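2 protein chains.
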Amino acid sequence: MKIAVLGGDGFVGWPTVLHLSDLGHEVHIIDNLSRRWIDTELGVQSLTPMDSIQERCRIWYELTGRRLHFHLIDIARDYQILRQWLADHKPDSIIHFAEQRAAPYSMKSDRHKVYTVNNNVNATHNLLTAMVETGIDAHLVHLGTMGVYGYSSVGAAIPEGYLDVEIENLEGEKKGLEVLYPTKPGSVYHMTKSMDQILFQFYAQNDGLRITDLHQGIVWGTHTEQTQRHEQLINRFDYDGDYGTVLNRFLIQAAIDYPLTVHGTGGQTRAFIHIKDSVKCIELALDTPPAAGDRVKIYNQMTETHRIRDLAKLISDMTGAKIANIANPRKEAPENDLIVKNDQFLALGLEPTTLAEGLLDEVVEVAKKYAHRVDRSRVRALSAWTKDIANRVETDPEGKRLKSVS
Amino acid sequence: MKIAVLGGDGFVGWPTVLHLSDLGHEVHIIDNLSRRWIDTELGVQSLTPMDSIQERCRIWYELTGRRLHFHLIDIARDYQILRQWLADHKPDSIIHFAEQRAAPYSMKSDRHKVYTVNNNVNATHNLLTAMVETGIDAHLVHLGTMGVYGYSSVGAAIPEGYLDVEIENLEGEKKGLEVLYPTKPGSVYHMTKSMDQILFQFYAQNDGLRITDLHQGIVWGTHTEQTQRHEQLINRFDYDGDYGTVLNRFLIQAAIDYPLTVHGTGGQTRAFIHIKDSVKCIELALDTPPAAGDRVKIYNQMTETHRIRDLAKLISDMTGAKIANIANPRKEAPENDLIVKNDQFLALGLEPTTLAEGLLDEVVEVAKKYAHRVDRSRVRALSAWTKDIANRVETDPEGKRLKSVS
Ligand SMILES: NC(=O)c1ccc[n+]([C@@H]2O[C@H](COP(=O)([O-])OP(=O)(O)OC[C@H]3O[C@@H](n4cnc5c(N)ncnc54)[C@H](O)[C@@H]3O)[C@@H](O)[C@H]2O)c1
Ligand SMILES: NC(=O)c1ccc[n+]([C@@H]2O[C@H](COP(=O)([O-])OP(=O)(O)OC[C@H]3O[C@@H](n4cnc5c(N)ncnc54)[C@H](O)[C@@H]3O)[C@@H](O)[C@H]2O)c1
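Just so you know, the protein sequences line up as chains U and W, in that order.
If you read the first sequence in our numbering, its first letter stands for residue 1, the second for the next number, and so on.
If you read the second sequence in our numbering, its first letter stands for residue 1, the second for the next number, and so on.
The hints are simulated quantities; they were obtained by calculation from the structure and are not laboratory data.
This one's a predicted model, so the numbers in the text were calculated from it and none came from an experiment.
It is possible that some hints are incorrect.
Note that the list lumps identical chains together, so a pair holds whenever it fits in one copy or between two copies.
Calculated lysine-lysine pairs in the DSS-like style (CA-CA distance at most 25 Å, straight line) [stated by the list, open to error]:
| no. | residue 1 | residue 2 |
| --- | --- | --- |
| 1 | K387 | K90 |
| 2 | K313 | K331 |
| 3 | K403 | K331 |
| 4 | K90 | K108 |
| 5 | K403 | K313 |
| 6 | K184 | K108 |
| 7 | K403 | K369 |
| 8 | K400 | K331 |
With the hints as constraints, model all of the structure from the sequences given.
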């Protein structure tokens, strides 16, 4: 297959590119490298020393004889260029990772909110319009997030995309109706993914586009079989307060003797998936496209859920790290359940890498190995969801202590 | 009250501006005049001879001694200017009309799709972000559309915004949950309003913004009490295939001896409201804002529903016009029910202007009076929802005949 990977220079994109190339597909990376620019903006860098995309592609070719094609395109801003690219290359499948993906970054300031909405909505919509306009019949696989749903508010499991509801008609009869499972996004970033859903629903219905939307949990881990083949193929690893996801940040905190920063009671439950499984799920999704005219195919792409305080305990037991309960910069309920169905990927043969097996490797192979590259001052999550909360976070005595320790 | 009317130069905006000014409010119009530019792009013009916004404001001042303040701002592109304006003027209420509002225009080409999404989503989101950032505690009233819902697919009435559903939890108990009534938008334009809903939900929940969303039916009619006070205060009236809404187009067709163009069997049902009632509803909504922390208040702003073929019959009976059933450029079911609740506005005292009373006035006072200004070649709706449909519309023998007649 000829596959276009939009956002193929990113944390999930790069290992996906290598995995698909390894399977023998012709892989094209489209990326505007905005994520690298954001590193510059924030003055942070990947924990792992990461090469340029051009260099990475060169190394992969030397190692395997397989070419990766890199195209610098901003899919949110350069609609015409994207359309021309699709018309010229006619990929069989398109994997769309190309969005601003950090909730804290999306809440940093009004400028960051505006950027995130503008970038993500236009990226997805430009792609859909260009697919229709060029008439290519590609299967689109998009990365969404479990976070669009908020939480299991009534103790029910979150199904894979759709909900059957009953509506009473004028004659007083109850009629069944299938609807998109209602979303309640908790940040501007998550909100954009909720809007993406509406875009997909429309373009599948109006234009018969074949779309798979993967509602992914938080990805943890760094290496995949392919990224480990050469030092310079290493995947990025974000540990900073904006882009570092919770588990990766705990690992780094443990490695540099910084207390594990648990927000509030740590009662929020989140869904997780290892990077190896994430890449595998994308392969499985590519292999089972919906038919034209089908509704959007939605999977929950996660393998386990954990409460934050339990994760902190796990890592603390493993490493001896202290735990600090600090003010939560996010606006969310202090305790939340999250129960998720993931039957579809299990049925397709996914064999999850569990935290229990994979975690120690990460501590030794990644966190400890690169701990000398950590900037301690960037470890705390400080982007607050509202100005009131920002105030609370600023004046939190425990948080202050962490700042001065660091 | 100090009221900012975003999109105050438009078809619904202008009469709203005059109505609110007449009630004694301090009214500020913010508009980028894009609608006038689109007239230029399409080579069409308002049926009614419409003055510049500056001239209109001057006439109103001469007539009433009340000042209208006009500010040329593109709220989708100029976030910083919008924010500064809000910080400087601190309006008590904001009415948001400023979006690209024609479904056919939004489906014209890929460029028009991209423009509509970009303009509408960024307009609404910039406004919300700027309201949060400046900390002004204004009540936001937004114009949405009934069209986000598609149709009453199970013969049930469409409630005002919310639906109670039952979800089975892990213990097998059914639990109630209130959700946004699920949307199924039928065009790129309607899709943007469906996305607006998600923006509102988030900003009401995260930032306590007070938001009212009016899901409006198709507006018909031209004059209000205020626009009739002077020739140069006249409202715009769109009759072209892109911006002309169905009833206004039938009126013009009748006035110029052009057959009433009914798409397919004309079995689609649509919701309607007279411009006078639209303006009144906005006043009522302004008077009853939600409290901070409340969910978004959603009204269905319409007063009657009709099947297109029944409307055509009504106008044909009244004027003697012929009816032509032609290929439908839209992608929709040939026959559709639409049953809508509008209890909230009725409870607030709205007294609807019915089609039965208002229609003849429109024929005489508007359609016949300005018929000489009509460009017959622009009367048909030609923007097709897909390329296949465009083909069908092009080759429709009845449609061809209309083209040569015109
Ligand atoms: N990492 C996670 O834990 C996680 C969890 C759930 C969902 N996801 C989703 O998976 C996808 C990939 O996540 P990631 O962690 O690899 O993110 P990332 O930020 O590392 O990668 C995204 C890539 O997209 C590129 N990009 C962004 N906007 C673009 C544009 N307009 N044009 C072209 N390229 C653009 C960036 O430069 C970057 O290389 C995202 O959509 C994200 O929302 C990630
Ligand atoms: N007319 C109807 O039948 C109808 C029905 C349902 C809902 N609505 C909604 O009511 C609102 C007003 O409708 P209308 O018929 O008056 O439309 P209109 O096109 O006549 O007016 C919209 C106004 O907004 C302005 N505008 C658009 N984008 C802008 C931007 N980025 N910055 C500043 N100004 C901008 C335009 O210049 C125009 O003056 C729209 O949001 C529409 O979706 C209208």
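Now for the hints, and whether the structure bears them out:
no.: 1; hint: K387 / K90; verdict: between (47 Å within a copy, 19 Å between copies)
no.: 2; hint: K313 / K331; verdict: within (23 Å within a copy, 55 Å between copies)
no.: 3; hint: K403 / K331; verdict: within (22 Å within a copy, 58 Å between copies)
no.: 4; hint: K90 / K108; verdict: between (38 Å within a copy, 24 Å between copies)
no.: 5; hint: K403 / K313; verdict: within (22 Å within a copy, 75 Å between copies)
no.: 6; hint: K184 / K108; verdict: within (20 Å within a copy, 32 Å between copies)
no.: 7; hint: K403 / K369; verdict: within (24 Å within a copy, 74 Å between copies)
no.: 8; hint: K400 / K331; verdict: within (20 Å within a copy, 59 Å between copies)
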